[in-house]
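Novice: Sequence:
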Amino acid sequence: SIIDEVEKVQSAEAIATAQRLAKEEGLLVGISSGAACAAALKLARSGRFDGKNIVVIFPDLAERYLSTPLFDGITV
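Quick note: the sequence shown, position 7, residue 471 per the numbering used here, numbers continuous.
FYI, nobody ran anything at the bench for these hints, they're computed from the structure. Every residue, glycine too, gets a C-beta built ideally from N, C-alpha and C. Errors might be hidden in some of the hints.
[Claimed, not checked] The following label-pair restraints were derived from C-beta to C-beta distances: (1) T532 <-> D468: 30 to 40 angstroms; (2) F513 <-> E488: 31 to 41 angstroms; (3) S531 <-> L507: 27 to 37 angstroms; (4) F522 <-> Q474: 15 to 25 angstroms; (5) S531 <-> R484: 13 to 23 angstroms; (6) D536 <-> R512: 34 to 44 angstroms; (7) F513 <-> D536: 30 to 40 angstroms; (8) I467 <-> R509: 12 to 22 angstroms; (9) K487 <-> S465: 11 to 21 angstroms; (10) G537 <-> S465: 37 to 47 angstroms; (11) F513 <-> E489: 14 to 24 angstroms.
[Said to hold, decoys possible] In silico DSSO-like pairs for lysine-lysine, Cα to Cα no more than 27 angstroms straight-line: (12) K516 <-> K472; (13) K516 <-> K506; (14) K472 <-> K506; (15) K506 <-> K487; (16) K472 <-> K487.
With the hints as constraints, model all of the structure from the sequences given.
Specialist: Printed below as a string of structure tokens:
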């Protein structure tokens, strides 16, 4: 199977991670990318992948969210 496991991420965590990526890294990504990053961070913190690389593909950009409250008050 191509998929080894599924990591669940709550919507609020995906949004918070997308906002954090904008604030801290200057990356304007969408909510799906926030979810992907949040899942990767969970895996990294679990210790199961110590010494290994974790690759994350961001599936969306922030273009469709720029006029929404997602990035209100965030300057990059």
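Novice: Give a verdict on every hint.
Specialist: Going down the list of hints, with the structure as the test:
no. : hint                              : result
1   : T532 <-> D468: 30 to 40 angstroms : holds, 33 angstroms
2   : F513 <-> E488: 31 to 41 angstroms : violated, 22 angstroms
3   : S531 <-> L507: 27 to 37 angstroms : holds, 32 angstroms
4   : F522 <-> Q474: 15 to 25 angstroms : holds, 18 angstroms
5   : S531 <-> R484: 13 to 23 angstroms : holds, 20 angstroms
6   : D536 <-> R512: 34 to 44 angstroms : holds, 36 angstroms
7   : F513 <-> D536: 30 to 40 angstroms : holds, 34 angstroms
8   : I467 <-> R509: 12 to 22 angstroms : holds, 21 angstroms
9   : K487 <-> S465: 11 to 21 angstroms : violated, 37 angstroms
10  : G537 <-> S465: 37 to 47 angstroms : holds, 42 angstroms
11  : F513 <-> E489: 14 to 24 angstroms : holds, 21 angstroms
12  : K516 <-> K472                     : holds, 21 angstroms
13  : K516 <-> K506                     : holds, 14 angstroms
14  : K472 <-> K506                     : holds, 10 angstroms
15  : K506 <-> K487                     : holds, 20 angstroms
16  : K472 <-> K487                     : holds, 24 angstroms
Checked against the numbered hints above, the structure violates hints 2 and 9; every other hint is satisfied.
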